[in-house]
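Novice: As you go down the protein sequences, you meet chains G and Z in turn.
Going by my numbering, the first sequence opens with residue 1, and the numbers climb by one from there.
Going by my numbering, the second sequence opens with residue 292, and the numbers climb by one from there.
Because the hints were derived from the structure by calculation, they are not lab data.
A hint or two may mislead.
What the hints assert, rightly or not - Once the Cα atoms are required to be at most 25 Å apart in a straight line, the calculated DSS-like pairs of lysine-lysine come out as:
id	chain 1	residue 1	chain 2	residue 2
1	Z	K311	G	K272
2	G	K4	Z	K304
3	Z	K311	G	K2
What the hints assert, rightly or not - Stretch by stretch, here's where chain Z covers chain G in the computed footprint (C-beta under 8 Å, at least three residues):
id	region
4	1-10
5	27-41
The structure presented is a predicted model; accordingly, all values stated were derived computationally and were not measured.
Just so you know, even glycine gets a beta-carbon here, dropped at the ideal spot from N, CA and C.
2 protein chains.
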Amino acid sequence: MKTKIDCFPCVFKQALATLKLATDDREVQIQALKEIADFYSHKELDGTPAGFSQHAYRIIAEVTGAADPFSAEKKKFNKLALQMTEESYKTIVSSGDKLATGAHLAVAGNIIDLGIGEGLDIHGTLKSALETPFVINDLEKLRKSLAEAKSLLYIGDNAGEIVFDRLFVEIINELFPEINVKFSVKSTPIINDATWEDADAVGFDKVCEIIETGTNDIGAPLEKVSAEFLEDFNSADVIIAKGHGNFETLNEVVKENLFFILKAKCEVVAEKLRVKVGDSVLKCSARFQRV
Amino acid sequence: MKTKIDCFPCVFKQALATLKLATDDREVQIQALKEIADFYSHKELDGTPAGFSQHAYRIIAEVTGAADPFSAEKKKFNKLALQMTEESYKTIVSSGDKLATGAHLAVAGNIIDLGIGEGLDIHGTLKSALETPFVINDLEKLRKSLAEAKSLLYIGDNAGEIVFDRLFVEIINELFPEINVKFSVKSTPIINDATWEDADAVGFDKVCEIIETGTNDIGAPLEKVSAEFLEDFNSADVIIAKGHGNFETLNEVVKENLFFILKAKCEVVAEKLRVKVGDSVLKCSARFQRV
Numbered sequence: 001m002k003t004k005i006d007c008f009p010c011v012f013k014q015a016l017a018t019l020k021l022a023t024d025d026r027e028v029q030i031q032a033l034k035e036i037a038d039f040y041s042h043k044e045l046d047g048t049p050a051g052f053s054q055h056a057y058r059i060i061a062e063v064t065g066a067a068d069p070f071s072a073e074k075k076k077f078n079k080l081a082l083q084m085t086e087e088s089y090k091t092i093v094s095s096g097d098k099l100a101t102g103a104h105l106a107v108a109g110n111i112i113d114l115g116i117g118e119g120l121d122i123h124g125t126l127k128s129a130l131e132t133p134f135v136i137n138d139l140e141k142l143r144k145s146l147a148e149a150k151s152l153l154y155i156g157d158n159a160g161e162i163v164f165d166r167l168f169v170e171i172i173n174e175l176f177p178e179i180n181v182k183f184s185v186k187s188t189p190i191i192n193d194a195t196w197e198d199a200d201a202v203g204f205d206k207v208c209e210i211i212e213t214g215t216n217d218i219g220a221p222l223e224k225v226s227a228e229f230l231e232d233f234n235s236a237d238v239i240i241a242k243g244h245g246n247f248e249t250l251n252e253v254v255k256e257n258l259f260f261i262l263k264a265k266c267e268v269v270a271e272k273l274r275v276k277v278g279d280s281v282l283k284c285s286a287r288f289q290r291v
Numbered sequence: 292m293k294t295k296i297d298c299f300p301c302v303f304k305q306a307l308a309t310l311k312l313a314t315d316d317r318e319v320q321i322q323a324l325k326e327i328a329d330f331y332s333h334k335e336l337d338g339t340p341a342g343f344s345q346h347a348y349r350i351i352a353e354v355t356g357a358a359d360p361f362s363a364e365k366k367k368f369n370k371l372a373l374q375m376t377e378e379s380y381k382t383i384v385s386s387g388d389k390l391a392t393g394a395h396l397a398v399a400g401n402i403i404d405l406g407i408g409e410g411l412d413i414h415g416t417l418k419s420a421l422e423t424p425f426v427i428n429d430l431e432k433l434r435k436s437l438a439e440a441k442s443l444l445y446i447g448d449n450a451g452e453i454v455f456d457r458l459f460v461e462i463i464n465e466l467f468p469e470i471n472v473k474f475s476v477k478s479t480p481i482i483n484d485a486t487w488e489d490a491d492a493v494g495f496d497k498v499c500e501i502i503e504t505g506t507n508d509i510g511a512p513l514e515k516v517s518a519e520f521l522e523d524f525n526s527a528d529v530i531i532a533k534g535h536g537n538f539e540t541l542n543e544v545v546k547e548n549l550f551f552i553l554k555a556k557c558e559v560v561a562e563k564l565r566v567k568v569g570d571s572v573l574k575c576s577a578r579f580q581r582v
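Work out the full structure, taking the sequences as your base and the hints as a guide.
Specialist: See the structure below:
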């Protein structure tokens, strides 16, 4: 999808939050903000929002020297999500439709993200995630695709959230034992996106193969990912892409076997999905689009 | 008060909202955002937040040709507030402490501002404004100052809100008939700040003398206002300054007779006031500061 003018202030909002994690030195923070402003004074709005915003993170890393400002946040979020594993697993086991329950838990990571810092109600959050229907719901199409599949590429999103992705993959393993699952992480840190270290921390290697996108670009821009990732993307029988960044970079790839699972967190993405901010969707990429 | 790094993304957020009112032409909107980014890539954060942000409005006016993008909003807001006059007046007349009621109504404008677009509950908003105590409350000090005063400079803020300022001035006229009141507006449009046109539209000239700040700078920066305004500022027995912009530009002027009435709408101002975002205050400028 294309960058909108609304993405312009959002870049500076994201940059500020990142800078506060990267350094306490006000002069360095101001220098970074000025360099970001200088960069965006020349930047065209012709790519994806993910591609548009990530230059700010690169500039912050260069100016502050902090290559992974979200490191502590990611560890905290992984730990918090891991504490929810047992209850989440019980929920799945007692569920009438394990695939649906798993898909709902897979978006729970986004919901928990919003709750952090405000006193997280674990039981309430899980209950709410399971009770809130997908506003766009292509679950039956996903179920049918998985039933015929031998391979699944699951494109990961944030740290913490990947604990629920792992649970979803465990369900898929149980329900569709014929499928070979690969889960992708970023090759090096960008924002709070999951890397090998995060996948390792939540035991993802115990449930499937972990691969890298070959880049630290936000999402999975096909012109930037490694040849190996691209081959997996092109050859997988089913692809599940989690979160904003993956939707922003892949939504124009029209495939009957490509499914997005995300919570719309801003007006730009919500408008593209034709839903409201806060809505969760499980959407086949071919929906709304000419195949 | 001094600009903080948090003001940097806020400028772009304000610029986007203003640009959407100023023009529908995406290319012009992008051009303005780029020129704003270019300007702020060189801007020091050494002045007030009000002074920092207003360059964005100047650039928007230059690039879009729209000198008063909030014109329609201001008219709408004035009209809406005028519809509340009768009920507000009844509330004052039946009140045990008319000055306190007037001061609470004077911050009601800010509260109504937030409610617009979400189905405004006039009765509820007024009731809430009257029942919500000032978190910092120097009302008794203001009452004492007014009792001894012959002149009051009331520095206005936004369109719409000025309807409640007018009611407050009417009460002051009734309670302290010895006082000569002057109410100030901006000389030319900036954001949704009140100008002569707005004061005229809400009948402010019927209750006191209207003066101008001599500039369209946000707030009332004393190094920018006209000599006439400065003379009024220096000679007034009491000064009431409404809203964010006036607080941002005058809070370092330590005077026992200078009172700020505002609702804290952002973290930067709330922190300076030592209150929470959303809190209302009636604060003497000498409080917290060495006189």
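Novice: Please go over all the hints and tell whether each is borne out by the structure.
Specialist: Each hint, compared with the structure:
1. With a C-alpha separation of about 19 Å, the suggested pairing of Z/K311 with G/K272 holds against the 25 Å cut-off.
2. Proximity of G/K4 to Z/K304 is assessed by CA-CA distance (about 13 Å); at most 25 Å being required, the pair is judged to hold.
3. The hinted pair formed by Z/K311 and G/K2 meets the criterion: a straight-line CA distance of about 18 Å does not exceed 25 Å.
4. Under the rule that three or more residues need a Cβ within less than 8 Å of chain Z, the assignment of the region 1-10 of chain G holds, with 4 such residues.
5. For the region 27-41 of chain G, the stated coverage by chain Z holds: 9 residues have a C-beta nearer than 8 Å to a C-beta of that chain, and at least 3 were required.
Going down the numbered hints, you'll see the structure goes against none, and every one checks out.
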